[in-house]
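Could you slot chain G onto chain Y? The hints should help.
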Amino acid sequence: NAGVTQTPKFQVLKTGQSMTLQCAQDMNHEYMSWYRQDPGMGLRLIHYSVGAGITDQGEVPNGYNVSRSTTEDFPLRLLSAAPSQTSVYFCASSEQGFGYTFGSGTRLTVV
Amino acid sequence: SQKIEQNSEALNIQEGKTATLTCNYTNYSPAYLQWYRQDPGRGPVFLLLIRENEKEKRKERLKVTFDTTLKQSLFHITASQPADSATYLCALEDNAGNMLTFGGGTRLMVKP
Numbered sequence: 001n002a003g004v005t006q007t008p009k010f011q012v013l014k015t016g017q018s019m020t021l022q023c024a025q026d027m028n029h030e031y032m033s034w035y036r037q038d039p040g041m042g043l044r045l046i047h048y049s050v051g052a053g054i055t056d057q058g059e060v061p062n063g064y065n066v067s068r069s070t071t072e073d074f075p076l077r078l079l080s081a082a083p084s085q086t087s088v089y090f091c092a093s094s095e096q097g098f099g100y101t102f103g104s105g106t107r108l109t110v111v
Numbered sequence: 001s002q003k004i005e006q007n008s009e010a011l012n013i014q015e016g017k018t019a020t021l022t023c024n025y026t027n028y029s030p031a032y033l034q035w036y037r038q039d040p041g042r043g044p045v046f047l048l049l050i051r052e053n054e055k056e057k058r059k060e061r062l063k064v065t066f067d068t069t070l071k072q073s074l075f076h077i078t079a080s081q082p083a084d085s086a087t088y089l090c091a092l093e094d095n096a097g098n099m100l101t102f103g104g105g106t107r108l109m110v111k112p
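Chains as they are written, first to last, in this note's numbering: chain Y, 1 to 111; chain G, 1 to 112.
You may find that some hints are simply not true.
Just the calculated beta-carbon pair ranges, DEER-fashion [what the hints assert, rightly or not]:
no., chain 1, residue 1, chain 2, residue 2, range
1, G, P40, Y, G3, 16 to 24 angstroms
2, Y, V12, G, D67, 42 to 50 angstroms
3, Y, E59, G, N7, 30 to 38 angstroms
4, G, A83, Y, G3, 19 to 27 angstroms
5, Y, V111, G, N53, 48 to 56 angstroms
6, Y, S69, G, R42, 25 to 33 angstroms
Hints in this document: simulated from the structure, not taken from any laboratory. Cβ atoms here follow ideal geometry from the backbone N, Cα and C, with glycine treated the same way.
So that you can see chain Y by itself, here it is in the shape it has in the complex (with noise of 0.2 angstroms):
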């Protein structure tokens, strides 16, 4: 099993670019969530999904938008790059009740 997988690991965006960062999981889970991890902040919850076609807000939902067609894939949009959004990003997947799985990031510089 490939778990979560991320793509890409890195990226450099100009301001103001947009881009999609992509998320897969093969385990059939149902919840998938979106963070972001920065220096002296720890992880914070940008969205999350509780099943295909159901997404919600999480603590920093700002300038990132996300859809959930399937329930493999939970892409997070970034819509008009800012520097405040320079950050590792980490997507996950779990049921409830179990430990969330990880994938292994994509650290993003805006520039």
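Coordinates of chain G only, in the frame set by chain Y:
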């Protein structure tokens, strides 16, 4: 506001000793409390989950306690090894099971 606190200072211990990490929370009624390990440049890895009605959970050299009255969890690694050196994250999941909120993590350094 909800807050999850872990000691931000690194914990340095000698190999073979028991490491004890603390997680305190306020303004929260979690259904589950989880502990993760994170190595530099990697994603968090799930270690243990304990439910609100459980006092203690063990897995090999790991032990977690959960005191909902004190609003505190303790994470123990017995017979610690240099390979246990990492950052350990505490996380709380609410009753709806929709959001997992993390503490800032504590870095553990085990010296040979």
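ask   = Regarding E59(Y) and N7(G), is the given constraint of 30 to 38 angstroms on their beta-carbon distance met?
value = This hint is violated: roughly 22 angstroms between Cβ atoms.
query = In this structure, is the beta-carbon distance linking V111(Y) and N53(G) contained in 48 to 56 angstroms?
reply = The hint (48 to 56 angstroms, Cβ to Cβ) holds, given that V111(Y) and N53(G) are roughly 50 angstroms apart.
key: C-beta pair S69(Y), R42(G): status relative to the range 25 to 33 angstroms that was hinted   = 29 angstroms, holds
message = I want to verify a distance hint. Is the separation of the beta carbons of V12(Y) and D67(G) within 42 to 50 angstroms?
response = 46 angstroms, holds
A83(G) versus G3(Y) beta-carbon gap, inside 19 to 27 angstroms or not = Given range 19 to 27 angstroms: holds, Cβ gap about 22 angstroms.
query = So does P40(G) sit 16 to 24 angstroms from G3(Y), Cβ to Cβ?
reply = 20 angstroms Cβ-Cβ, so the 16 to 24 angstroms window holds.
Violated hint: 3 only; the structure is consistent with all others.
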